[in-house]
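2 protein chains.
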Amino acid sequence: MKNFSQWFHNILEEAEIIDSRYPIKGMNVWLPKGFKIRKYVLRELERLMDEDHDEILFPLLIPETELAKEGIHVKGFEEEVYWVTHGGMRELNEKLAIRPTSETAIYPMFALWIRSHIDLPIKIYQTVNTMRYETKHTRPLIRVREITTFTESHTVHEKYDEANDQVQEGIAIYKRFFDSLAIPYLIHDRPSWDKFPGADYTFAFDTLMKDGKTLQIATVHNLSDTFAKTFDIKYEATDGSHKYPYQTCYGLSDRVIASLIAIHGDEKGLVLPPLVAPIQIMIVPIVFKDKSEEILSKASEIKNILEKDGFRVNIDNRDIRPGKKYYDWELNGIPLRIDIGPRDLKDNKMIITRRDTSTKEECSLSEDFPSILNSYLTEINSNLKDKAWKFMREHISKIDSLDRIEKTVLNGNIGLIKWCGNDDCGKEIEEKTNLTILGIQYRIDGDCINCKRKAKHVISIAKTY
Amino acid sequence: MKNFSQWFHNILEEAEIIDSRYPIKGMNVWLPKGFKIRKYVLRELERLMDEDHDEILFPLLIPETELAKEGIHVKGFEEEVYWVTHGGMRELNEKLAIRPTSETAIYPMFALWIRSHIDLPIKIYQTVNTMRYETKHTRPLIRVREITTFTESHTVHEKYDEANDQVQEGIAIYKRFFDSLAIPYLIHDRPSWDKFPGADYTFAFDTLMKDGKTLQIATVHNLSDTFAKTFDIKYEATDGSHKYPYQTCYGLSDRVIASLIAIHGDEKGLVLPPLVAPIQIMIVPIVFKDKSEEILSKASEIKNILEKDGFRVNIDNRDIRPGKKYYDWELNGIPLRIDIGPRDLKDNKMIITRRDTSTKEECSLSEDFPSILNSYLTEINSNLKDKAWKFMREHISKIDSLDRIEKTVLNGNIGLIKWCGNDDCGKEIEEKTNLTILGIQYRIDGDCINCKRKAKHVISIAKTY
Numbered sequence: 026m027k028n029f030s031q032w033f034h035n036i037l038e039e040a041e042i043i044d045s046r047y048p049i050k051g052m053n054v055w056l057p058k059g060f061k062i063r064k065y066v067l068r069e070l071e072r073l074m075d076e077d078h079d080e081i082l083f084p085l086l087i088p089e090t091e092l093a094k095e096g097i098h099v100k101g102f103e104e105e106v107y108w109v110t111h112g113g114m115r116e117l118n119e120k121l122a123i124r125p126t127s128e129t130a131i132y133p134m135f136a137l138w139i140r141s142h143i144d145l146p147i148k149i150y151q152t153v154n155t156m157r158y159e160t161k162h163t164r165p166l167i168r169v170r171e172i173t174t175f176t177e178s179h180t181v182h183e184k185y186d187e188a189n190d191q192v193q194e195g196i197a198i199y200k201r202f203f204d205s206l207a208i209p210y211l212i213h214d215r216p217s218w219d220k221f222p223g224a225d226y227t228f229a230f231d232t233l234m235k236d237g238k239t240l241q242i243a244t245v246h247n248l249s250d251t252f253a254k255t256f257d258i259k260y261e262a263t264d265g266s267h268k269y270p271y272q273t274c275y276g277l278s279d280r281v282i283a284s285l286i287a288i289h290g291d292e293k294g295l296v297l298p299p300l301v302a303p304i305q306i307m308i309v310p311i312v313f314k315d316k317s318e319e320i321l322s323k324a325s326e327i328k329n330i331l332e333k334d335g336f337r338v339n340i341d342n343r344d345i346r347p348g349k350k351y352y353d354w355e356l357n358g359i360p361l362r363i364d365i366g367p368r369d370l371k372d373n374k375m376i377i378t379r380r381d382t383s384t385k386e387e388c389s390l391s392e393d394f395p396s397i398l399n400s401y402l403t404e405i406n407s408n409l410k411d412k413a414w415k416f417m418r419e420h421i422s423k424i425d426s427l428d429r430i431e432k433t434v435l436n437g438n439i440g441l442i443k444w445c446g447n448d449d450c451g452k453e454i455e456e457k458t459n460l461t462i463l464g465i466q467y468r469i470d471g472d473c474i475n476c477k478r479k480a481k482h483v484i485s486i487a488k489t490y
Numbered sequence: 026m027k028n029f030s031q032w033f034h035n036i037l038e039e040a041e042i043i044d045s046r047y048p049i050k051g052m053n054v055w056l057p058k059g060f061k062i063r064k065y066v067l068r069e070l071e072r073l074m075d076e077d078h079d080e081i082l083f084p085l086l087i088p089e090t091e092l093a094k095e096g097i098h099v100k101g102f103e104e105e106v107y108w109v110t111h112g113g114m115r116e117l118n119e120k121l122a123i124r125p126t127s128e129t130a131i132y133p134m135f136a137l138w139i140r141s142h143i144d145l146p147i148k149i150y151q152t153v154n155t156m157r158y159e160t161k162h163t164r165p166l167i168r169v170r171e172i173t174t175f176t177e178s179h180t181v182h183e184k185y186d187e188a189n190d191q192v193q194e195g196i197a198i199y200k201r202f203f204d205s206l207a208i209p210y211l212i213h214d215r216p217s218w219d220k221f222p223g224a225d226y227t228f229a230f231d232t233l234m235k236d237g238k239t240l241q242i243a244t245v246h247n248l249s250d251t252f253a254k255t256f257d258i259k260y261e262a263t264d265g266s267h268k269y270p271y272q273t274c275y276g277l278s279d280r281v282i283a284s285l286i287a288i289h290g291d292e293k294g295l296v297l298p299p300l301v302a303p304i305q306i307m308i309v310p311i312v313f314k315d316k317s318e319e320i321l322s323k324a325s326e327i328k329n330i331l332e333k334d335g336f337r338v339n340i341d342n343r344d345i346r347p348g349k350k351y352y353d354w355e356l357n358g359i360p361l362r363i364d365i366g367p368r369d370l371k372d373n374k375m376i377i378t379r380r381d382t383s384t385k386e387e388c389s390l391s392e393d394f395p396s397i398l399n400s401y402l403t404e405i406n407s408n409l410k411d412k413a414w415k416f417m418r419e420h421i422s423k424i425d426s427l428d429r430i431e432k433t434v435l436n437g438n439i440g441l442i443k444w445c446g447n448d449d450c451g452k453e454i455e456e457k458t459n460l461t462i463l464g465i466q467y468r469i470d471g472d473c474i475n476c477k478r479k480a481k482h483v484i485s486i487a488k489t490y
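Residue numbers (the working numbering), protein chains in the order written: chain E, 26 to 490; chain A, 26 to 490.
Here chain E stands alone, though its shape is the one from the complex (with noise of 0.2 Å):
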């Protein structure tokens, strides 16, 4: 893709995703079509945390004196939180900060609530808008102002080995969330000088955009107990002491959202998966004059049999040409579509068309066609499935020179290095290149790439958003 920023914000536009001409820069207006995507992207992240988390909702504003209570982390966001100062006409006597994250909303609760073993573990999650004041260059749904989707999980344990078991349980989460959606991701072990604000150590699933920049698409942070220090949350424990409990949190944002356009889209459109696509199956009736009413008719009762098998269906029966119908429908990304026509008509069939591939088949409406569709719509989910991950192994490359590093990442790679795991080294590795270390894949022998050392680690470095 040659100019993949400029395709990323037409695509936003073309297909009514975002609207980013709201009067505040990188805060957007989601369209209903766009709303759609995301409904279906929320409702299966749901599904999968409802099975071992309860939602709840928290207020969007945090006193002052709460956000500050806790230093590491409110020197990571002081820069970026949003102030309220004034209710009406009058001053408040605290400011307010609309969240930026919400540990230091939801703990000072977790202190009223949590007094025993017996009401541990807690695990919860909520979706909410948090508000971060970027001052770099905002992209729709890549780095915003209001993040508008903001799902984020907190948890509350005994042990510190189970929090760490904890942050194994979001990130085994966050893989089946992502491959459904059919999005690749490195899972990254973040430096020290880049982990979550207040936490012990942060891991974090990063995905390679077509540019070759790579987006950070979620975050699962081990906080030890320093929050709970912080917030003086203790519990009983069984031989009556009181203790302080081990913490993690977790969340993903709109730029699930994003990496699912990015990753998937060609030059025609979305290319929707099909759990998330709002319309799975959409039916063009190729009508002439006299055989109109009868395929209509066959179009209608393919819809209502397709529909009563749980399929997402609609037919389009505007009055335009059928090729303006077929622009419309790649573009928005639609997994399969189903031509019928006079002649299809008489020999009992219809013309299947893949978005992904763009393969036509003809299939008869005599066999059991509902399995048929089904059986292309997990096709199409693994078909992008193994694209996306194949375009990003092979932007993934071993470099062994510190002098090759540069050049080889910003030729759309991610770079592989061995590190010595010594902070200063990695931040001098970081300067050298003017890119970002993604943290540790995995441990390994050998010599680190800049200072010469016993290499301890295989880490990612790339250039990101």
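Hint data in this document are derived by calculation from the structure and do not stem from the laboratory. All values derive from a computational prediction rather than experimental measurement. Even glycine gets a Cβ: it sits at the ideal position worked out from N, Cα and C. A hint or two may mislead.
Stated by the list, open to error - Here are the simulated EDC-like cross-link-like pairs (lysine to aspartate or glutamate), alpha carbons at most 20 Å apart as the crow flies:
{"#": "1", "chain 1": "E", "residue 1": "LYS61", "chain 2": "A", "residue 2": "GLU69"}
{"#": "2", "chain 1": "A", "residue 1": "LYS64", "chain 2": "E", "residue 2": "GLU76"}
{"#": "3", "chain 1": "A", "residue 1": "LYS328", "chain 2": "A", "residue 2": "ASP344"}
{"#": "4", "chain 1": "A", "residue 1": "LYS64", "chain 2": "E", "residue 2": "GLU71"}
{"#": "5", "chain 1": "E", "residue 1": "LYS58", "chain 2": "A", "residue 2": "GLU119"}
{"#": "6", "chain 1": "E", "residue 1": "LYS371", "chain 2": "E", "residue 2": "ASP393"}
{"#": "7", "chain 1": "A", "residue 1": "LYS120", "chain 2": "E", "residue 2": "GLU76"}
{"#": "8", "chain 1": "A", "residue 1": "LYS488", "chain 2": "A", "residue 2": "GLU159"}
{"#": "9", "chain 1": "E", "residue 1": "LYS100", "chain 2": "A", "residue 2": "GLU404"}
{"#": "10", "chain 1": "E", "residue 1": "LYS161", "chain 2": "A", "residue 2": "GLU116"}
{"#": "11", "chain 1": "A", "residue 1": "LYS268", "chain 2": "A", "residue 2": "GLU187"}
{"#": "12", "chain 1": "A", "residue 1": "LYS385", "chain 2": "A", "residue 2": "GLU404"}
{"#": "13", "chain 1": "E", "residue 1": "LYS200", "chain 2": "E", "residue 2": "GLU183"}
{"#": "14", "chain 1": "A", "residue 1": "LYS120", "chain 2": "E", "residue 2": "GLU355"}
{"#": "15", "chain 1": "E", "residue 1": "LYS120", "chain 2": "A", "residue 2": "ASP449"}
{"#": "16", "chain 1": "E", "residue 1": "LYS161", "chain 2": "A", "residue 2": "GLU41"}
{"#": "17", "chain 1": "E", "residue 1": "LYS61", "chain 2": "A", "residue 2": "ASP75"}
{"#": "18", "chain 1": "E", "residue 1": "LYS385", "chain 2": "E", "residue 2": "GLU355"}
{"#": "19", "chain 1": "A", "residue 1": "LYS58", "chain 2": "E", "residue 2": "ASP144"}
{"#": "20", "chain 1": "E", "residue 1": "LYS120", "chain 2": "A", "residue 2": "GLU104"}
{"#": "21", "chain 1": "A", "residue 1": "LYS61", "chain 2": "E", "residue 2": "GLU69"}
{"#": "22", "chain 1": "A", "residue 1": "LYS61", "chain 2": "E", "residue 2": "ASP393"}
{"#": "23", "chain 1": "E", "residue 1": "LYS254", "chain 2": "E", "residue 2": "GLU159"}
{"#": "24", "chain 1": "E", "residue 1": "LYS220", "chain 2": "E", "residue 2": "GLU453"}
{"#": "25", "chain 1": "A", "residue 1": "LYS61", "chain 2": "E", "residue 2": "GLU71"}
{"#": "26", "chain 1": "A", "residue 1": "LYS410", "chain 2": "A", "residue 2": "ASP291"}
{"#": "27", "chain 1": "A", "residue 1": "LYS100", "chain 2": "E", "residue 2": "GLU104"}
{"#": "28", "chain 1": "E", "residue 1": "LYS64", "chain 2": "A", "residue 2": "ASP79"}
{"#": "29", "chain 1": "A", "residue 1": "LYS333", "chain 2": "A", "residue 2": "GLU392"}
{"#": "30", "chain 1": "A", "residue 1": "LYS148", "chain 2": "E", "residue 2": "GLU41"}
{"#": "31", "chain 1": "A", "residue 1": "LYS120", "chain 2": "E", "residue 2": "GLU159"}
{"#": "32", "chain 1": "E", "residue 1": "LYS238", "chain 2": "E", "residue 2": "ASP225"}
{"#": "33", "chain 1": "A", "residue 1": "LYS423", "chain 2": "A", "residue 2": "GLU455"}
What the hints assert, rightly or not - Residues from chain A shown here face chain E by an in silico Cβ test under 8 Å; the list is partial:
{"#": "34", "residue": "ASP44"}
{"#": "35", "residue": "ARG46"}
{"#": "36", "residue": "PRO48"}
{"#": "37", "residue": "ILE49"}
{"#": "38", "residue": "VAL54"}
{"#": "39", "residue": "GLU76"}
{"#": "40", "residue": "GLU80"}
Using the hints provided, position chain A relative to the given structure of chain E.
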């Protein structure tokens, strides 16, 4: 109910709907059980809205210049707007309002979206959090500073008459919605001094709480072309001329859930209409040592059969006394409880207890019990509806003399009085009685209760939240 206010406060806490201990007054936390009720309420509302509206999502913040454009509108809200003045450490160039409602966020975009008559009508809605800096005494779900669940609709039409029709469509949707929740309502044409700031006229839905105060639970407004003129929204008509379109807006909030809880609840706790009960049927196995396995397996069998039929059902197999279980599920308002013990197992039957009437019925397991349970749920809904409407109707009282208004109303009634339609006279009635005129119920002959001129309307007068 002796002390409705205390009862309402307690039930929110005991049934774990809302935690009101959040450290900002008037901003509350939705707990898991409350959130689930909210989810099913929203699901029904969205189902109705989606029939003829597109769901969208607008930003939280509104530039001061946009909010201030419509003079009457801003005057109505300026005392209650929260203002964002700083991003990080910097003062913003322009103050940003947290939306008190979204007209001034949405309508500048309408000006971009609407070009021609073929772009009309537009019918959109969104469910968002909004803020109002309430100076009055706050109360969870009823009078809050963060309205967490504001579902607002906005429509645009070519003709004034179409906007009138849309007002009626909005009213029709809300009627269906409240009927499905068994919430009774009166629809009032609000007096001119109490209409939505900027509206031509306002219809409101009011319901009656058990302490005799009315609660406004929905409003529907005809905005005429006032906002179109302010925001320069124009369309090209078929004759080529450029015209201002006509608009409506309508919305409802968390108060729907407040009235759901307050109207149906009793001394034992919540009583939930089956449509929005997160669990509709709770199975309580009465376990004795030797038969426990058989009973639990029968309970699972019943659960599976019911789930296949679409019921939301659960088994309470906690190791505690049945009495404690009954207490919990009554408190949580589960519509139906199934008890099954060793003797029932022998007789191949179960005992069904209704939450609304506390009546118990035997039901043979060899019968088609899912359809029997389904008819119980239907009966519960109509019983709740009948009871609630009866209560409200019994507390509407025709009043012929000014002297008797205050006493009748403060006795827990909505007063129906004759009114000439003159604004000054209406305000005088409010002042004399210290009550609120809800608006016109219907038109009639007779004399005004206050000024004795010819009455035009029968209006409701009440003590309101």
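**Prompt:** Going back to the hint list, which numbers does this structure go against?
**Reply:** 5, 7, 9, 13, 14, 15, 16, 22, 23, 27, 32, 39
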